[in-house]
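Quick note, the sequences are listed as chains A and B, same order. The numbering of the first sequence is our numbering, which starts it at 163 and goes up by one. The numbering of the second sequence is our numbering, which starts it at 163 and goes up by one.
Heads up, a few of these hints could be off.
[Said to hold, decoys possible] Cβ pair distances, simulated, as ranges:
(1) 559(A) - 429(B): 41 to 47 Å
(2) 423(B) - 420(A): 19 to 25 Å
(3) 307(A) - 194(B): 51 to 57 Å
(4) 534(B) - 420(A): 20 to 26 Å
(5) 485(A) - 274(B): 55 to 61 Å
(6) 429(A) - 486(B): 17 to 23 Å
(7) 553(B) - 479(A): 51 to 57 Å
(8) 434(A) - 325(B): 26 to 32 Å
Treat the hints as calculated values from the structure; they're not laboratory data. As the structure is a prediction and not an experimental result, all values here were calculated from the model. For every residue, glycine included, the Cβ atom is placed at its ideal position computed from N, Cα and C.
Number of protein chains: 2
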Amino acid sequence: MHPPARSPISPKLTGLFLLGQSVNAVLSSIGNVSPRLARFDTPFIFKSGKAIPAFELMYETYGTLNADKSNAVLVCHALNASHHVAGTYNDDPESLGWWDNMVGPGKPLDTNRFFVVGVNNLGGCFGSSGPRHINPATHKPYGADFPVVTVEDWVNAQAQLADHLGIARFAAVMGGSLGAMQALQWAIAYPARVGHALVVASTPKLSAQNIAFNEVARQAIITDPDFHGGHFYEHNVVPARGLRVARMIGHITYLSDDVMAERFGRVLRDGMQFGYGPEFQIESYLRHQGEKFSGYFDANTYLLITKALDYFDPAADYDNSLALAFERAKNVKFLVVSFTTDWRFSPARSREIVTALTANRADVSYAEIDAPHGHDEFLLEDPRYFALVRAYYARIAAEVGA
Amino acid sequence: MHPPARSPISPKLTGLFLLGQSVNAVLSSIGNVSPRLARFDTPFIFKSGKAIPAFELMYETYGTLNADKSNAVLVCHALNASHHVAGTYNDDPESLGWWDNMVGPGKPLDTNRFFVVGVNNLGGCFGSSGPRHINPATHKPYGADFPVVTVEDWVNAQAQLADHLGIARFAAVMGGSLGAMQALQWAIAYPARVGHALVVASTPKLSAQNIAFNEVARQAIITDPDFHGGHFYEHNVVPARGLRVARMIGHITYLSDDVMAERFGRVLRDGMQFGYGPEFQIESYLRHQGEKFSGYFDANTYLLITKALDYFDPAADYDNSLALAFERAKNVKFLVVSFTTDWRFSPARSREIVTALTANRADVSYAEIDAPHGHDEFLLEDPRYFALVRAYYARIAAEVGA
Numbered sequence: 163m164h165p166p167a168r169s170p171i172s173p174k175l176t177g178l179f180l181l182g183q184s185v186n187a188v189l190s191s192i193g194n195v196s197p198r199l200a201r202f203d204t205p206f207i208f209k210s211g212k213a214i215p216a217f218e219l220m221y222e223t224y225g226t227l228n229a230d231k232s233n234a235v236l237v238c239h240a241l242n243a244s245h246h247v248a249g250t251y252n253d254d255p256e257s258l259g260w261w262d263n264m265v266g267p268g269k270p271l272d273t274n275r276f277f278v279v280g281v282n283n284l285g286g287c288f289g290s291s292g293p294r295h296i297n298p299a300t301h302k303p304y305g306a307d308f309p310v311v312t313v314e315d316w317v318n319a320q321a322q323l324a325d326h327l328g329i330a331r332f333a334a335v336m337g338g339s340l341g342a343m344q345a346l347q348w349a350i351a352y353p354a355r356v357g358h359a360l361v362v363a364s365t366p367k368l369s370a371q372n373i374a375f376n377e378v379a380r381q382a383i384i385t386d387p388d389f390h391g392g393h394f395y396e397h398n399v400v401p402a403r404g405l406r407v408a409r410m411i412g413h414i415t416y417l418s419d420d421v422m423a424e425r426f427g428r429v430l431r432d433g434m435q436f437g438y439g440p441e442f443q444i445e446s447y448l449r450h451q452g453e454k455f456s457g458y459f460d461a462n463t464y465l466l467i468t469k470a471l472d473y474f475d476p477a478a479d480y481d482n483s484l485a486l487a488f489e490r491a492k493n494v495k496f497l498v499v500s501f502t503t504d505w506r507f508s509p510a511r512s513r514e515i516v517t518a519l520t521a522n523r524a525d526v527s528y529a530e531i532d533a534p535h536g537h538d539e540f541l542l543e544d545p546r547y548f549a550l551v552r553a554y555y556a557r558i559a560a561e562v563g564a
Numbered sequence: 163m164h165p166p167a168r169s170p171i172s173p174k175l176t177g178l179f180l181l182g183q184s185v186n187a188v189l190s191s192i193g194n195v196s197p198r199l200a201r202f203d204t205p206f207i208f209k210s211g212k213a214i215p216a217f218e219l220m221y222e223t224y225g226t227l228n229a230d231k232s233n234a235v236l237v238c239h240a241l242n243a244s245h246h247v248a249g250t251y252n253d254d255p256e257s258l259g260w261w262d263n264m265v266g267p268g269k270p271l272d273t274n275r276f277f278v279v280g281v282n283n284l285g286g287c288f289g290s291s292g293p294r295h296i297n298p299a300t301h302k303p304y305g306a307d308f309p310v311v312t313v314e315d316w317v318n319a320q321a322q323l324a325d326h327l328g329i330a331r332f333a334a335v336m337g338g339s340l341g342a343m344q345a346l347q348w349a350i351a352y353p354a355r356v357g358h359a360l361v362v363a364s365t366p367k368l369s370a371q372n373i374a375f376n377e378v379a380r381q382a383i384i385t386d387p388d389f390h391g392g393h394f395y396e397h398n399v400v401p402a403r404g405l406r407v408a409r410m411i412g413h414i415t416y417l418s419d420d421v422m423a424e425r426f427g428r429v430l431r432d433g434m435q436f437g438y439g440p441e442f443q444i445e446s447y448l449r450h451q452g453e454k455f456s457g458y459f460d461a462n463t464y465l466l467i468t469k470a471l472d473y474f475d476p477a478a479d480y481d482n483s484l485a486l487a488f489e490r491a492k493n494v495k496f497l498v499v500s501f502t503t504d505w506r507f508s509p510a511r512s513r514e515i516v517t518a519l520t521a522n523r524a525d526v527s528y529a530e531i532d533a534p535h536g537h538d539e540f541l542l543e544d545p546r547y548f549a550l551v552r553a554y555y556a557r558i559a560a561e562v563g564a
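Whenever a hint applies, use it, and build me the whole structure from the sequences.
Structure below.
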């Protein structure tokens with residue numbers, strides 16, 4: 163079966179570059195998919211010590227789990243994505259999964275060979291237990307009372323989902339950015355349950371500058387009068403102003419300076435207006451991104467996720483030695499990928515991971531890909547990047563007989 | 163006369179590094195100074211075509227104008243500074259001028275030799291005509307109706323102040339960052355009235371990324387409910403939330419990633435709190451900076467100044483050729499200085515200026531200084547930077563007999 167014709171660039175990129183035009187109707191090669199909800203009627207205890215009495219995880223799967231259950235791959239999402247990794251809902255091309263260019267029949271992560279699992283993380287806003295859900299103690303939405311989550315918590319919850327699905331061991335756990343942190347954490351916390359960790363555009367911990375950007379975004383949300391201390395649901399408002407600013411800040415850090423210059427430059431839409439309407443194209447782009455985001459993303463989830471990013475620091479429990487932290491993971495195999503123009507999590511940060519892994523004589527492949535788009539590159543169909551991931555999965559397929 | 167003993171670092175830097183401690187009592191070597199107000203009873207016509215019927219400029223001077231009026235130096239301020247370049251008010255060390263380490267008796271810009279002028283720019287909030295002033299048409303504060311200002315407007319107003327002071331020609335015009343753009347504009351607009359332009363940590367125009375950061379800051383202010391469309395004075399409020407976020411964003415871009423890492427790292431004040439209070443030291447620092455700024459700076463002025471930054475593009479009127487723009491300035495002499503870790507206006511941007519100047523065979527000296535503090539370095543007492551500026555002013559002094 164041939165995949166239907168599609169644009170060579172992902173819809174995300176299309177949205178980026180064809181600002182103001184409608185997104186091309188891109189058909190997914192995997193077709194329509196449906197999310198499912200897994201319920202766990204046992205308390206979940208967070209790293210903070212807080213607990214919730216029960217929880218739910220929204221997930222999707224693509225492909226078929228083979229007889230010996232050796233071909234499962236977990237795809238972990240980053241800040242604003244979800245369990246909806248690939249495919250469409252009801253043939254709506256606008257609903258295409260966030261990594262559909264990577265995951266599907268014949269794609270680098272080939273669903274003809276692998277059984278792929280996507281899951282909305284705990285604390286998320288796309289169906290898994292989170293701030294919008296009812297707090298059984300108050301019979302109102304948790305709001306800001308939902309426990310602060312960590313990458314460790316997410317991975318522990320994902321492990322329960324794996325149990326639920328009968329998956330004792332993943333052939334691979336993969337993610338980009340914050341998703342890659344989850345792949346690293348899987349290798350540390352559950353080394354016997356992970357064959358390979360694919361770690362793209364990541365860092366072993368945030369820098370002070372990374373934390374600073376997150377903190378400004380949080381302050382924009384928290385100080386929005388419509389935030390109401392995180393209990394805005396009861397007021398039938400959302401802190402849209404704060405979310406818009408938070409998203410705009412984020413977007414600046416996702417793109418390289420060069421690609422921003424190339425795509426937007428200093429082009430004025432209608433000459434100098436001497437006012438505060440959108441004049442430069444970059445202003446329109448950022449406002450559009452902020453507006454869109456504030457319409458669908460939950461402010462409390464945004465706070466939780468940025469905090470999980472800030473806290474992630476696996477070396478902290480190992481005398482600040484990343485090599486010691488990875489000692490438990492020495493039998494996991496790694497593919498680490500970075501992009502030259504990523505200034506959010508630069509190649510130097512990925513090299514820290516590689517150095518710590520090789521100190522444990524782990525099986526690690528590392529690629530530093532010369533690519534223009536900055537941090538966002540991990541979502542884009544860069545030919546060298548995709549060829550590399552494709553080849554790496556071919557190796558995994560050979561190992562597990564997929 | 164020996165200058166009194168003082169800390170080797172500026173109070174700004176002290177504030178930066180000794181967060182939470184009171185600023186050291188740093189005595190100025192120039193002593194107490196007083197601002198003065200110049201009134202111009204002629205209309206000022208802005209680049210936008212708008213006009214105000216009269217205007218005032220707040221300024222300070224240090225040192226003595228010599229008999230042939232050849233030793234005057236204009237110091238232009240950047241985003242949040244003012245006419246108060248050096249000295250104190252009423253012996254209060256907290257009131258030390260923003261470039262007191264650079265300007266004073268025996269300092270690199272030596273007030274024993276030069277007559278130094280500092281001026282609050284038009285549209286500012288430290289005494290010169292601006293949004294807080296009464297609009298004669300409405301008898302209310304201008305607020306958002308104050309005309310949008312450009313670097314060209316500022317320089318034209320400064321030229322009127324020079325006339326007022328009887329200064330036909332400045333021995334030098336000097337500034338860092340946005341202040342340096344004014345020095346460049348002086349050289350282009352009034353080449354016969356400028357001997358030397360000292361252009362520190364500057365750029366010939368903002369990049370899309372620079373504009374993006376400004377736009378997020380503006381959106382934070384404009385969408386603050388207390389902004390009231392720029393007419394918040396009438397409501398007896400200030401858009402403090404927006405100003406805080408704007409300032410936090412700015413501060414991230416002023417510091418290098420490395421110095422932020424070195425000074426703040428990932429240090430938690432009191433361990434993991436699993437909440438949204440300030441936990442990492444960088445968070446406390448940014449909140450403190452935002453809070454302080456929102457207490458003294460005018461939101462409309464912030465909008466005006468960021469817009470002036472965005473619009474500055476002297477090449478735009480010359481077929482997008484910076485070399486053509488500088489043709490008029492070929493008899494002005496230039497010192498251009500950049501700092502290696504400045505990612506806001508990187509050395510590459512200063513090199514664009516130098517290349518365009520040398521294309522006109524202008525007399526230009528360029529120094530790219532290996533220094534750790536990022537964009538903020540232009541305010542700090544870096545020994546190589548200060549020695550260079552000192553030597554350059556010695557040359558100017560010899561030329562003008564100061």
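Quiz item: Is the hinted range of 19 to 25 Å satisfied by the C-beta distance from residue 423(B) to residue 420(A)?
Solution: 24 Å, holds
Quiz prompt | residue 429(A) versus residue 486(B) beta-carbon gap, inside 17 to 23 Å or not | solution = 20 Å, holds
Practice problem: Hint says 55 to 61 Å; check whether the CB-CB distance for residue 485(A) and residue 274(B) agrees. | Solution: 58 Å, holds
Quiz item: Regarding residue 559(A) and residue 429(B), is the given constraint of 41 to 47 Å on their beta-carbon distance met?
Solution: 45 Å, holds
Quiz item: Range hint 20 to 26 Å: satisfied by the CB atoms of residue 534(B) and residue 420(A)?
Solution: Given range 20 to 26 Å: holds, Cβ gap about 24 Å.
Quiz item: Within 51 to 57 Å or not, the Cβ separation of residue 307(A) and residue 194(B)?
Solution: 55 Å, holds
Exercise. Confirm or reject the claim that residue 434(A) and residue 325(B) have a C-beta distance inside 26 to 32 Å.
Key: 28 Å, holds
Quiz item: So the hint says 51 to 57 Å: do the beta-carbon atoms of residue 553(B) and residue 479(A) match that?
Solution: 53 Å, holds
The structure agrees with every numbered hint stated previously.
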